[in-house]
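**Q** Take these sequences, add in the hints, and give me the full structure.
Going by the numbering used here, the residue at position 19 of the sequence shown is 19; the numbering climbs one at a time, nothing skipped.
Treat the hints as calculated values from the structure; they're not laboratory data. Heads up, some of the hints might be wrong.
[Stated by the list, open to error] No farther apart than 30 Å at their CA atoms in a straight line, the calculated lysine-lysine pairs in the DSSO-like style are these:
no. : residue 1 : residue 2
1   : K69       : K57
2   : K69       : K36
3   : K36       : K57
[As the list claims (entries may be wrong)] Simulated restraints, written as ranges between beta carbons of each label pair:
no. : residue 1 : residue 2 : range
4   : E44       : A67       : 15 to 23 Å
5   : R56       : P20       : 18 to 26 Å
6   : S19       : A66       : 15 to 23 Å
7   : L55       : R31       : 35 to 43 Å
8   : T45       : A67       : 18 to 26 Å
9   : S28       : K57       : 27 to 35 Å
10  : M24       : N51       : 33 to 41 Å
11  : R62       : M23       : 29 to 37 Å
12  : S68       : M23       : 33 to 41 Å
13  : E53       : M23       : 40 to 48 Å
14  : N51       : M23       : 33 to 41 Å
15  : L29       : R49       : 31 to 39 Å
16  : K57       : T37       : 15 to 23 Å
17  : D64       : D21       : 31 to 39 Å
Treat the numbers as computed from the prediction; the structure is a model and nothing was measured. A virtual CB, placed ideally from N, CA and C, is assigned to each residue, including glycine.
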Amino acid sequence: MKTKKFELLLGGAQPQKLSPDAMMGLHSLSRSISEKTAEDELFETAIRRANEEELRKLARFRLDSAASKYLD
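**A** What follows is the structure, encoded as structure tokens:
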């Protein structure tokens, strides 16, 4: 769903006057945007609103949670 919204913002599924490389990059970007989890979106929102101390805590938490996913 987010991919379609992203394409609409660009002017449709096939924006005019873009090179094949630019189109490939845009499709890659739209895929990465659409694959974000709710946790990723919450984390990015928190980063935008946080001060330095909170950012350090968030970064530490993010590293710990990422490490635990791979170690489990």
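**Q** Decide, hint by hint, whether the structure agrees.
**A** Hint by hint, here is what the structure shows:
This hinted pair checks out: K69 and K57 have alpha carbons roughly 18 Å apart, not beyond 30 Å. For a cut-off of 30 Å, the pair hint linking K69 to K36 stands: about 16 Å separates their Cα positions. Restraint check for K36 and K57: satisfied, since their Cα atoms lie roughly 21 Å apart, inside the 30 Å limit. Roughly 20 Å separates the CB atoms of E44 and A67, a value that falls within the hinted 15 to 23 Å.
For R56 and P20, the Cβ-Cβ distance of about 42 Å falls outside the hinted range of 18 to 26 Å, so the restraint is violated. One distance hint, 15 to 23 Å for the beta-carbon pair S19 and A66, is violated here, with the actual separation near 35 Å. Restraint check, L55 to R31: a C-beta distance of roughly 28 Å breaks the suggested window 35 to 43 Å. A C-beta distance of roughly 22 Å is found between T45 and A67, which places it inside the suggested range of 18 to 26 Å.
For S28 and K57, the Cβ-Cβ distance of about 32 Å falls inside the hinted range of 27 to 35 Å, so the restraint holds. Judged by the Cβ atoms, the range 33 to 41 Å given for M24 and N51 holds: they are separated by roughly 38 Å. Remark: the range hint 29 to 37 Å for R62 to M23 is upheld by a beta-carbon distance near 32 Å. Evaluation of the 33 to 41 Å hint for S68 and M23 yields a pass: the beta carbon distance comes to about 38 Å.
At about 42 Å, the CB distance of E53 to M23 agrees with the hint of 40 to 48 Å. Checked against the hint of 33 to 41 Å, the C-beta distance between N51 and M23 comes to roughly 40 Å, which is consistent with it. A hinted range of 31 to 39 Å for the beta carbons of L29 and R49 is inconsistent with their spacing of about 24 Å. Our hint of 15 to 23 Å for K57 and T37 holds, since their Cβ atoms are close to 20 Å apart.
Between D64 and D21 the beta carbons are some 38 Å apart, a value that agrees with the proposed interval 31 to 39 Å.
The structure shown violates the earlier hints numbered 5, 6, 7, 15.
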